[in-house]
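Protein chains in written order, with my numbering: chain F, 4 to 475; chain U, 4 to 475.
Hints are not guaranteed to be accurate.
In this list, chains with the same sequence are indistinguishable; a pair is considered to hold if it fits within one copy or across any two.
What the hints assert, rightly or not - In silico lysine to any residue, SDA-like type, Cα no more than 20 Å apart, as pairs: (1) K368 with F281; (2) K322 with E199; (3) K340 with V196; (4) K118 with R342; (5) K185 with E199; (6) K308 with L187.
Keep in mind the hints are simulated off the structure, nothing from the lab. Please read these numbers as outputs of a predicted model, since none were measured by experiment.
So the chains spell out like this:
Number of protein chains: 2
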Amino acid sequence: MLNRVRWAVAHLVSSGGAPPPRPKSPDLPDAPSPQTAAPPEEPRSPPATAGSGSAAPAKTVEARASFSRPTFLQLSPGGLRRADDHAGRAVQSPPDTGRRLPWSTGYAEVINAGKSRHNEDQACCEVVYVEGRRSVSGAPREPSQGQGLCFYYWGLFDGHAGGGAAEMAARLLHRHIREQLKDLSCWSSQKEVTHESLVVGAIENAFQFMDEQMARERRGHQVEGGCCALVVVYLLGKVYVANAGDSRAIIVRNGEIIPMSREFTPETERQRLQLLGFLKPELLGGEFTHLEFPRRIQPKELGQKMLYRDQNMTGWAYKKIELEDLRFPLVCGEGKKARVMATIGVTRGLGDHNLKVCSSTLPIKPFLSCFPEVRVYDLTQYEHCPDDVLVLGTDGLWDVTSDCEVAATVDRVLSAYEPNDPSRYTALAQALVLGARGIPRDRGWRLPNNKLGSGDDISVFVIPLGGPGSYS
Amino acid sequence: MLNRVRWAVAHLVSSGGAPPPRPKSPDLPDAPSPQTAAPPEEPRSPPATAGSGSAAPAKTVEARASFSRPTFLQLSPGGLRRADDHAGRAVQSPPDTGRRLPWSTGYAEVINAGKSRHNEDQACCEVVYVEGRRSVSGAPREPSQGQGLCFYYWGLFDGHAGGGAAEMAARLLHRHIREQLKDLSCWSSQKEVTHESLVVGAIENAFQFMDEQMARERRGHQVEGGCCALVVVYLLGKVYVANAGDSRAIIVRNGEIIPMSREFTPETERQRLQLLGFLKPELLGGEFTHLEFPRRIQPKELGQKMLYRDQNMTGWAYKKIELEDLRFPLVCGEGKKARVMATIGVTRGLGDHNLKVCSSTLPIKPFLSCFPEVRVYDLTQYEHCPDDVLVLGTDGLWDVTSDCEVAATVDRVLSAYEPNDPSRYTALAQALVLGARGIPRDRGWRLPNNKLGSGDDISVFVIPLGGPGSYS
Numbered sequence: 004m005l006n007r008v009r010w011a012v013a014h015l016v017s018s019g020g021a022p023p024p025r026p027k028s029p030d031l032p033d034a035p036s037p038q039t040a041a042p043p044e045e046p047r048s049p050p051a052t053a054g055s056g057s058a059a060p061a062k063t064v065e066a067r068a069s070f071s072r073p074t075f076l077q078l079s080p081g082g083l084r085r086a087d088d089h090a091g092r093a094v095q096s097p098p099d100t101g102r103r104l105p106w107s108t109g110y111a112e113v114i115n116a117g118k119s120r121h122n123e124d125q126a127c128c129e130v131v132y133v134e135g136r137r138s139v140s141g142a143p144r145e146p147s148q149g150q151g152l153c154f155y156y157w158g159l160f161d162g163h164a165g166g167g168a169a170e171m172a173a174r175l176l177h178r179h180i181r182e183q184l185k186d187l188s189c190w191s192s193q194k195e196v197t198h199e200s201l202v203v204g205a206i207e208n209a210f211q212f213m214d215e216q217m218a219r220e221r222r223g224h225q226v227e228g229g230c231c232a233l234v235v236v237y238l239l240g241k242v243y244v245a246n247a248g249d250s251r252a253i254i255v256r257n258g259e260i261i262p263m264s265r266e267f268t269p270e271t272e273r274q275r276l277q278l279l280g281f282l283k284p285e286l287l288g289g290e291f292t293h294l295e296f297p298r299r300i301q302p303k304e305l306g307q308k309m310l311y312r313d314q315n316m317t318g319w320a321y322k323k324i325e326l327e328d329l330r331f332p333l334v335c336g337e338g339k340k341a342r343v344m345a346t347i348g349v350t351r352g353l354g355d356h357n358l359k360v361c362s363s364t365l366p367i368k369p370f371l372s373c374f375p376e377v378r379v380y381d382l383t384q385y386e387h388c389p390d391d392v393l394v395l396g397t398d399g400l401w402d403v404t405s406d407c408e409v410a411a412t413v414d415r416v417l418s419a420y421e422p423n424d425p426s427r428y429t430a431l432a433q434a435l436v437l438g439a440r441g442i443p444r445d446r447g448w449r450l451p452n453n454k455l456g457s458g459d460d461i462s463v464f465v466i467p468l469g470g471p472g473s474y475s
Numbered sequence: 004m005l006n007r008v009r010w011a012v013a014h015l016v017s018s019g020g021a022p023p024p025r026p027k028s029p030d031l032p033d034a035p036s037p038q039t040a041a042p043p044e045e046p047r048s049p050p051a052t053a054g055s056g057s058a059a060p061a062k063t064v065e066a067r068a069s070f071s072r073p074t075f076l077q078l079s080p081g082g083l084r085r086a087d088d089h090a091g092r093a094v095q096s097p098p099d100t101g102r103r104l105p106w107s108t109g110y111a112e113v114i115n116a117g118k119s120r121h122n123e124d125q126a127c128c129e130v131v132y133v134e135g136r137r138s139v140s141g142a143p144r145e146p147s148q149g150q151g152l153c154f155y156y157w158g159l160f161d162g163h164a165g166g167g168a169a170e171m172a173a174r175l176l177h178r179h180i181r182e183q184l185k186d187l188s189c190w191s192s193q194k195e196v197t198h199e200s201l202v203v204g205a206i207e208n209a210f211q212f213m214d215e216q217m218a219r220e221r222r223g224h225q226v227e228g229g230c231c232a233l234v235v236v237y238l239l240g241k242v243y244v245a246n247a248g249d250s251r252a253i254i255v256r257n258g259e260i261i262p263m264s265r266e267f268t269p270e271t272e273r274q275r276l277q278l279l280g281f282l283k284p285e286l287l288g289g290e291f292t293h294l295e296f297p298r299r300i301q302p303k304e305l306g307q308k309m310l311y312r313d314q315n316m317t318g319w320a321y322k323k324i325e326l327e328d329l330r331f332p333l334v335c336g337e338g339k340k341a342r343v344m345a346t347i348g349v350t351r352g353l354g355d356h357n358l359k360v361c362s363s364t365l366p367i368k369p370f371l372s373c374f375p376e377v378r379v380y381d382l383t384q385y386e387h388c389p390d391d392v393l394v395l396g397t398d399g400l401w402d403v404t405s406d407c408e409v410a411a412t413v414d415r416v417l418s419a420y421e422p423n424d425p426s427r428y429t430a431l432a433q434a435l436v437l438g439a440r441g442i443p444r445d446r447g448w449r450l451p452n453n454k455l456g457s458g459d460d461i462s463v464f465v466i467p468l469g470g471p472g473s474y475s
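Bound conformation, chain F alone (with noise of 0.2 Å):
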């Protein structure tokens, strides 16, 4: 999120970055610990559950005290403090040795370069066990309403303003998510209504619930910032792609790519914003306009015509420029600079409950939404060979990499490991982290072009989809 928000280096560095003890969450009363979320004794689990970012041991907790990194790593005292080096950037993964994560999951991650004090990206990759509910009537469930179901689920968290919003997501957004999945036992067959759409809805649900536990709970346990979150359930033979921010994930297909997220920014939110500041006029606080112009317009202009467009538009036309058109625009900026607000750069993710405009009370998270954008992918419909992978990136990546490349580095990379090699999915995750952080070289990290690399922090998943993973 490297200049996503304003004020997120000198915040960090001034609180300290230090995170709060972090407690039960009250929503989740009987949650299991994600070490026992996964079904001891289900024959079709893998043999590893990874853990999520939350449950460190023991040992790491004087090093936890100022940052965590995700617990699958399994890292060392000393190799956190390697992986929070803005210096040497070096590149984490989990163990060759251990557990390998499920499906054979390759994960890949580096700091960014000074931006901000720790690698504010989380990450999660959990085998997730539903309990069925009691039918919705209030009966007790037949027992021919089977033992509850499993899901496999991924999640890359991408922090601004501070690590807290990231880290809770990383631990809880899954149980939500289980909550939801809970009431698919009650579903009999409805009218429009198919189970691939309820599986949406208690994906979509799971959103908003983490980001009402946000809110809830900021006050008393500082849960600091915001985050991007993109997260993959597979299910029933589908997987679904939940994406909210600026995070992406694709999947590369016998060298096809197939898009599975899309980027809510300013600019591709414009609308929606305008809409909103539109119809409630008391958000824009009289400090900013709900419409757009191509530059910001000077007091000496009141009566010209000026280009503008709002929130129907999406052409531009002329208009005369009145009084309240010399406020601060709600949308303003291009690309990578475009800002909500003058402020946040991303529309959707789950926190920015303080968040304000700079030097004003006026609070931005309203025309913020939590909700993502949900795609699905039938795994059954196409017979997947073991390149085929659906690649996860938080923008690190994807600032200085374009689909075409991440491609050509799974054909690249992929192609040089046999194919039941399970480390190939780890390699193929470093490569792409690598190719994006590149290397240091005349005072900054560049690429082989010597275009400058991204200095963000930069995490990679890479899910096989027919490969050695014994999933069904």
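The hints should help you fit chain U onto chain F, whose structure is shown.
Below, chain U alone, put in the same frame as chain F:
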């Protein structure tokens, strides 16, 4: 718009369907009449300029007192009676003799099977000259700024609850576009504002001004009902397709189908409508809920769990039924039966300023948008052959004809004519209308597969993209 507005037939029959005298628009005081809209001396303009539906010759005044058809059909009083005959449903096209439509455009239409007294579709095809406006700063225009510009224009307007709005739009919308395009002469390249985006903005604002004019004139001059609008503008090498409603445009190019519009209905716009109801609950008048349920809730279900979705969701989830969930849903029904406030089945268009919920004073207009979606097609990026066409049709065509069936008819009909025969596009339009209407059999209009043909008004433009038309 068959079945799209509940009381359309009853209303029309009771009012006699007679449109009021049409005054000159107060908005466009200096607008030349359609006959003079084309530059008299413009060398590139085609020899003929077809008039819109408004400018009826004196001899048809008597017939026009009850209804009107596009002037370019050149209907005699007898022809007008045949065009108005629900029993015969004769297909109407411009005569082979006389001037052709610009670009040798093909056109055909047929009246409905009795759902409304008259054909509520209207059409317009024009060449419009845009005089440059004085520059924005007020300084006189430099001679080097040129003599203005010329655009080609096609419009289909599918009326409902009366023919007034469609007739007014056919008569005036292109003039509003011309007014907006006058500002183009002031354009100098600015950050992120392209010439194309100015044309898009001009069309978007023209729709809004047209709708506002209908609102102002609705009392004095009784602009009945509303209409969908599908409009094509050709300017400087680009085709702009603007759609507000459920008409549809596709390009058939070398057998390939390129969608040039999408339909705006309660189903496709559910989330926009629900968001508005959520942010402005007063628009629901305590009669409706913005939530959607798979079926109507019964009072005895209070407190039970039920599937729902709101403005943020594409999936379904469960909620506990509360008292206000018993209200009628803002959006309900599926497919062609979907309705906003149980009343109207299309969510964008012009007019409808008087539309109220059945047996209520609650206005529906706030939920309807007059803004089109504009898609741009660059004619210069591909070498078109005489068989490449842009097909515009009202929903009467598309309700019973798929894109692929249209493409097959394009191939079948055009291959039966010489490529340079200008009558082939009218023959194609007629074939499309006939194929959607069917033939009378078994007490109904039936297609060759014995399914019911469309009982709606059907109107089709076929615009050749690389044919003998001498446009540049």
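Item to check | Homo-oligomer pair classification [E199, K185; C-alpha up to 20 Å] | outcome: within (14 Å within a copy, 51 Å between copies)
Next on the checklist: If the cut is 20 Å between Cα atoms, do K340 and V196 qualify within a copy, between copies, both or neither?
Outcome noted: between (41 Å within a copy, 17 Å between copies)
Checklist entry - Is it within, between, both, or neither for K368 and F281, if the alpha carbons may be no more than 20 Å apart? => result both (16 Å within a copy, 17 Å between copies)
Next on the checklist: If the cut is 20 Å between Cα atoms, do K308 and L187 qualify within a copy, between copies, both or neither?
Outcome noted: Answer is between; shortest inter-copy Cα gap is 12 Å, intra-copy 57 Å.
Checklist entry - When no copy is specified for K322 and E199, does a C-alpha distance of 20 Å or less occur within a copy, between copies, both, or neither? => result between (46 Å within a copy, 18 Å between copies)
Item to check | Copy assignment of K118 with R342, given that the CA separation must stay at most 20 Å | outcome: Answer is within; shortest intra-copy Cα gap is 18 Å, inter-copy 52 Å.
The structure meets every hint from the earlier list without exception.
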